[in-house]
Amino acid sequence: MNFEFTEEQGMLRDSVARFVQDSYDFDTRRKIAASEEAMSRDNWQTFAELGWLSVPFAEEHGGFGGSPVDTMVVMEEFGKGLVLEPYLATVLLFGGLLQRGGTVEQQAELIPRIIEGGCLGAFAYLERQSRYELADIKTTASAQGDSIVLNGEKVVVFNGACADQLIVSARSRGEQSDREGISLFLVPADAAGIERVSYRLMDGQLVANIVFRDVQVPAANLVGELHAGYHLMSEVVNAATIALASEALGIMGQLNAKTLEYTKTRKQFGVAIGSFQALQHRMVDTFMAYEQTKSMLYRAVCELDGGGDDVAACVHALQVMVDRNGKKVFGEAIQLHGGMGITDELDIGHYAKRLMMINTCFGNGDYHQAQFNQLRYSA
Amino acid sequence: MDTSFAPEDLAFRDEVRAFFAEAYDADLQARLNNLETFKDAVIDWQKRLYKQGWVAPGWPKEYGGTGWNATQKFIFETERSAAGIRDVIPFGLNMVGPVIYGFGNEEQKQRFLPGILQSDDWWCQGYSEPGAGSDLAALKTRAVREGDEYVVTGAKIWTSYAQYADWIFCLVRTNSEGKKQDGISFLLIDMTSPGIKVNPIVSIDNHHSLNEVEFNEVRVPVANLIGEQDKGWTYAKALLAHERTAIAGVADSKRNLAETRDFAAREINGGKSLLSDPLFQKRLSDIEIELMALEFTELRVLASVAAGGAPGPESSLLKIKGTEMQQAVQELRMEVAAYYQGVLPSDLSSEQLGHDFGSQARQSYMYGRAATIYGGSNEVQKNIIAKAVLGL
Numbered sequence: 001m002n003f004e005f006t007e008e009q010g011m012l013r014d015s016v017a018r019f020v021q022d023s024y025d026f027d028t029r030r031k032i033a034a035s036e037e038a039m040s041r042d043n044w045q046t047f048a049e050l051g052w053l054s055v056p057f058a059e060e061h062g063g064f065g066g067s068p069v070d071t072m073v074v075m076e077e078f079g080k081g082l083v084l085e086p087y088l089a090t091v092l093l094f095g096g097l098l099q100r101g102g103t104v105e106q107q108a109e110l111i112p113r114i115i116e117g118g119c120l121g122a123f124a125y126l127e128r129q130s131r132y133e134l135a136d137i138k139t140t141a142s143a144q145g146d147s148i149v150l151n152g153e154k155v156v157v158f159n160g161a162c163a164d165q166l167i168v169s170a171r172s173r174g175e176q177s178d179r180e181g182i183s184l185f186l187v188p189a190d191a192a193g194i195e196r197v198s199y200r201l202m203d204g205q206l207v208a209n210i211v212f213r214d215v216q217v218p219a220a221n222l223v224g225e226l227h228a229g230y231h232l233m234s235e236v237v238n239a240a241t242i243a244l245a246s247e248a249l250g251i252m253g254q255l256n257a258k259t260l261e262y263t264k265t266r267k268q269f270g271v272a273i274g275s276f277q278a279l280q281h282r283m284v285d286t287f288m289a290y291e292q293t294k295s296m297l298y299r300a301v302c303e304l305d306g307g308g309d310d311v312a313a314c315v316h317a318l319q320v321m322v323d324r325n326g327k328k329v330f331g332e333a334i335q336l337h338g339g340m341g342i343t344d345e346l347d348i349g350h351y352a353k354r355l356m357m358i359n360t361c362f363g364n365g366d367y368h369q370a371q372f373n374q375l376r377y378s379a
Numbered sequence: 380m381d382t383s384f385a386p387e388d389l390a391f392r393d394e395v396r397a398f399f400a401e402a403y404d405a406d407l408q409a410r411l412n413n414l415e416t417f418k419d420a421v422i423d424w425q426k427r428l429y430k431q432g433w434v435a436p437g438w439p440k441e442y443g444g445t446g447w448n449a450t451q452k453f454i455f456e457t458e459r460s461a462a463g464i465r466d467v468i469p470f471g472l473n474m475v476g477p478v479i480y481g482f483g484n485e486e487q488k489q490r491f492l493p494g495i496l497q498s499d500d501w502w503c504q505g506y507s508e509p510g511a512g513s514d515l516a517a518l519k520t521r522a523v524r525e526g527d528e529y530v531v532t533g534a535k536i537w538t539s540y541a542q543y544a545d546w547i548f549c550l551v552r553t554n555s556e557g558k559k560q561d562g563i564s565f566l567l568i569d570m571t572s573p574g575i576k577v578n579p580i581v582s583i584d585n586h587h588s589l590n591e592v593e594f595n596e597v598r599v600p601v602a603n604l605i606g607e608q609d610k611g612w613t614y615a616k617a618l619l620a621h622e623r624t625a626i627a628g629v630a631d632s633k634r635n636l637a638e639t640r641d642f643a644a645r646e647i648n649g650g651k652s653l654l655s656d657p658l659f660q661k662r663l664s665d666i667e668i669e670l671m672a673l674e675f676t677e678l679r680v681l682a683s684v685a686a687g688g689a690p691g692p693e694s695s696l697l698k699i700k701g702t703e704m705q706q707a708v709q710e711l712r713m714e715v716a717a718y719y720q721g722v723l724p725s726d727l728s729s730e731q732l733g734h735d736f737g738s739q740a741r742q743s744y745m746y747g748r749a750a751t752i753y754g755g756s757n758e759v760q761k762n763i764i765a766k767a768v769l770g771l
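In order, the protein sequence lines correspond to chains A and B. Counted from 1, the first sequence has number 107 at position 107 by this note's numbering; the numbering is strictly sequential. Counted from 1, the second sequence has number 483 at position 104 by this note's numbering; the numbering is strictly sequential.
Hints are supplied without guarantee of correctness; some may be wrong.
As the list claims (entries may be wrong) - Okay, the calculated bits of chain A under chain B, using three or more residues with CB under 8 Å as the criterion:
1. 162–170
2. 250–264
3. 270–280
4. 292–303
5. 314–326
What the hints assert, rightly or not - Cut-off 27 Å, straight-line C-alpha distance, at most; resulting in silico cross-link-like pairs (DSSO-like, lysine-lysine):
6. B:558 - B:610
7. B:430 - B:440
8. B:766 - B:616
9. A:327 - A:267
10. B:452 - B:519
11. B:559 - B:616
12. A:327 - B:610
13. B:418 - B:430
14. A:327 - A:264
15. B:452 - B:418
16. A:258 - B:766
17. A:327 - B:766
18. B:610 - B:766
19. A:328 - A:267
20. B:661 - A:328
21. B:616 - B:452
22. B:766 - A:267
23. A:264 - B:766
24. B:440 - B:616
25. B:519 - B:558
26. A:328 - B:426
Please keep in mind that the hints were generated in silico from the structure rather than gathered at the bench. For every residue, glycine included, the Cβ atom is placed at its ideal position computed from N, Cα and C.
If we strip away everything but chain B, and leave its shape as in the complex, we get (with noise of 0.2 Å):
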């Protein structure tokens, strides 16, 4: 048992340190902040880290991975949380990549990898619909198949970015019969197809980031389809370990976690720094012990992922512990802005409001609900570190 660093992880340290300050500089910087240039931001950010060779660390060497050891993949994500940086947008890099290199045929790998790997191709994800949501497998968007197309009829909804996507990733029912996991195929669907229409849905945060897409008819070639009709769910699965492996944004807690220290070093209560508050201290060193723990369980999940294949029902653990301490952090931080809370965003300055971060924190707060809904509920995972592990 041995967690230290080698002089070599410590040299790679040194150069993802390097990397990202200077190629996350502040014009990329503010322009991820503003909602007009975003989309293009991200894409600028993502492009960059393709260029390094190191947008998808998740990845086998043979698709444009990195190759990286358990070690340097925690090394990178400790850094760029560090440094402030959002992970890459997932659906493309981090979901349906490792569908398409598992389960897809060469011509696939070959049409859709590379859009993937230099973020020409923004994706979305498709899978939650309005009656089937924990209970994913109820879904009833189908496909028909009508010679070289399948016709796609129905719903999907919370699908974040869908304004922004080129593609769609789908669950889709291709079978009614039998076990309801059992007719579920997996199809990648042209966003540009006629009969695709997107709602926006307007979160509690006040922003739009979420949507509804409907399917009218959509013709779908049948080559979209990731290996075998009505073998979707095993796909799908695969995938969602990696999700919940990726949600549990350890290393972006401790980062949060920081800056709530910091920021409560600054306020003033009643005559002394919010931090010496014994109070505020135990609800604060409630959670970084608890991130202590996490961060070593990640690694552990890590480690046993480096030795033998995709994680297992032990990322459930990872989803719910952290995504319950994502929130415990944002409920902290909103403690600390006080009757800033509420600050909605505006052309105000900091200056002139008298406050610098009452608005992210209450925005990272709100949409921080969906954490603990999103990817499966903290009670779905439960039941299935009930059934998986417990053998219950």
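The following block holds chain A by itself, in its conformation from the complex (with noise of 0.2 Å):
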């Protein structure tokens, strides 16, 4: 049993943190969020270089064959700079969707372009009605001859703005709801028959609403087995959630940091307010909140890394944790900030908004409770 890093690994998170520090500092974040594609392409450009995209890949597409672990080490540091290129998108998503259910084909193709910074990816999974349920699907893909033709629409495409290709969940048979009955689809995001409206929000990505109005696609575009959709789309969702947990903690470690130095600077009553008692015993609620939601996310990284039959119980619980500890981090930082903590000017707002916003992302801390419940009660 061990909790530690790897020199490997030690590496990939200096170089990441040192590129936060040098490269992603607050003002540069904020011209990058108000900048027309809310992202860098040139900052893409030096995740390529830097390895960065290659790390969930395997070697034979010259990934770097990294294990949850290296995911993890990646999204902290992303989130203690509140990193706004589209890495949860491209490379776990859509990249994530190719690597565990992709064809021979499909890899050797995209893969490697992703890898060197050449293709933006989104999948678009969400619809008006859906909620935080993957299966409740009302796009449908229907073949003909050798095609697929998709109608329907998805919403809060992360990254849909600026994807090249997206996958696209879509229901090939069945009702709607029904796990069974799902398909993916690799579709060019310039195919004919798509509109895409974009919109900001509030942690800074651009997103966006896509409909598909006879969308056709080659028959070979499908990602996975027919019908089958849900079981890829569900694993790859998992590994994701962890993932957005990692970045989680380094936005709450983040906070607590930030909360910790300015209370020891901070005077009133001719103090500073890091020696009232009634602060103290909040930032030690929030120390605790952080090492408890670190110690979840490490059991929940090594249970999937073990390839362990509890993955899914340790990912509804990471994310309830997720939810609930990171509200009560980001609350505390703003409280203790006082007037500061409500200004768009502070950072800590901003790191607020990415936490509110990564609850949405696959589901809230309630959401996953439920489910937890329904797994762990309900047998």
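Could you fit the two chains together into a complex? Lean on the hints.
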């Protein structure tokens, strides 16, 4: 049993940390968020050159062959800098689906392009009505000769505005919300019949609603097995949820550190406010919330890495913690920063908003707790 | 980062499991559950552990420990809890033992360690006083040197099982000058010494395990002083970190939660199992999720201890969260027991009562209130984290 990082993981962490430190200060980040694409393609090329885009991919495709621990290391450091570039959407979701379920041809064509920074991807899975249920899909896929025709709409597609390629979840048979009968398709973002409207979210990212009107793709664009896309999707989403929790942990650590620092320097009533026991105990609570979340993250990562049979329950438990403890941490950070805590000028609120959005990506705490209860207590 | 069990770990787990299944027999369990036979049964059980070589997993091998690594210690604890076996009485094995081998002289080690390992000596802890609880260093029991003896006068309180004890380890004041932490010494005192009086305290769970211990000019040989005079606070602090790690009781909480869940599954609430009630499920998983994380927090502490010595301030986190979780489980079990939660021990059978865990749930819940108070109240633990970890 050990909780040590390997030398390689240490180097990976240092390299991402150094980038965030040197090239992603808060003002730079603010400018990137305000730019047209809400991301920097120069940074994306840097990520490619530094090898970060290759981390989870198999070595046969030019990847680093990294484990969930490697992904955790990268995402935690990204969290500290509130990095906007679409690592989750392109590498972990789009790339993750290809790595796990893509055909040999799809992998050979697209994974090297992702790794070199030449392909931005997105996974279009949310719909207007779906909330957090991955299987609630109205978008249809019907066979027409050697083609598949897609009709429907996907919403809040992360990186949907900039993506070159999409993977879309669609209903190939069965009823809305059936887990069976879901298929995933690779769709070029410029295919005929696609309409995108993009908009910004409070955490700075640019997302899109994407309408599919008789969009035709070759049948060979199926990713994974026909009608059995749910399993593939949930495996990739489980891994991505753990990665997002790593990002959340990085954010929580920053919020705690910044708040602690502030209470040591901010003076009221003639003394540093950190000398007040009422505030000290609140910071101890957020310290414990951070440590507990870290422990749960380690548990989930080890379970995933070791191929254990409790991955799903660990993921649910982890997201419950990220939601509850994240809110506790950013709530206290804002409160303890006083009036400054509610300004846009300070980074505290921006960390808070990213944590809030993380909780909506693949289900909030309540959703995951209900899933956890179902799994554990309704046998 | 890797927490999977190697084949040799799994073999070790089977060995531990097999030992518990055989050694912790029904007769022993019955005697442990009877107040009349409790003391002898505890000694009997701890002697069985001693014969197996497993009574002191935390001790270094040279003093009679097991030499287990962090994984093996974790497995042993988990299996012990899963088998429903209570931890050893901590005062000798987990508390004074490490102080004696850590800070005592050769003669003290040879004189006291065998009696602790073999459970021939029952120890109790003389720390708190009527005027010194969380502010432990405010203690006033004084020891005055007269030739080769200290003369001890004062009172200790909340002393668990003093009524059974052969020995008490005490913090006493040997110097009133300077900082209050600086004039404290660590003394080992024979409970049969003239001038010692034990007064029982009945606790909120209607049991007698706590006591007040009075010292009226009790004469203690100087040979029973641990380390240097006036330096006892240092030794006591080292011990407190061990104590807090043990107090967390994560494995026990896990087992108690699983049992509570089983009780809920057979309770019928409005025609349905209580376990199927969504509100109950939420309360259950609030605790289960926190415990899943806490188990890994404990593993992280164990691993860092294995890598570099004694537990540090992070043991305070374990104490706070661990005791909060113990109480949460106890509270939930009371909810499951409904109106049977008030049942007191009696000669009635569970058949006659119509219930089989109400009295036990009540006792654990009521005495469990002590867990956030003893070993340094949780509020004091927060002060320790604020100072030692956060640098405030």
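Outcome of the hint check:
| no. | hint | result |
| --- | --- | --- |
| 1 | 162–170 | violated (count 0) |
| 2 | 250–264 | holds (count 3) |
| 3 | 270–280 | holds (count 4) |
| 4 | 292–303 | holds (count 8) |
| 5 | 314–326 | holds (count 4) |
| 6 | B:558 - B:610 | holds, 12 Å |
| 7 | B:430 - B:440 | holds, 15 Å |
| 8 | B:766 - B:616 | holds, 15 Å |
| 9 | A:327 - A:267 | holds, 26 Å |
| 10 | B:452 - B:519 | violated, 38 Å |
| 11 | B:559 - B:616 | holds, 14 Å |
| 12 | A:327 - B:610 | violated, 45 Å |
| 13 | B:418 - B:430 | holds, 19 Å |
| 14 | A:327 - A:264 | holds, 23 Å |
| 15 | B:452 - B:418 | holds, 26 Å |
| 16 | A:258 - B:766 | holds, 17 Å |
| 17 | A:327 - B:766 | holds, 25 Å |
| 18 | B:610 - B:766 | holds, 22 Å |
| 19 | A:328 - A:267 | holds, 24 Å |
| 20 | B:661 - A:328 | holds, 19 Å |
| 21 | B:616 - B:452 | holds, 23 Å |
| 22 | B:766 - A:267 | holds, 18 Å |
| 23 | A:264 - B:766 | holds, 12 Å |
| 24 | B:440 - B:616 | holds, 23 Å |
| 25 | B:519 - B:558 | holds, 13 Å |
| 26 | A:328 - B:426 | violated, 48 Å |
Against the hints set out earlier in the document, violations occur for numbers 1, 10, 12, 26.
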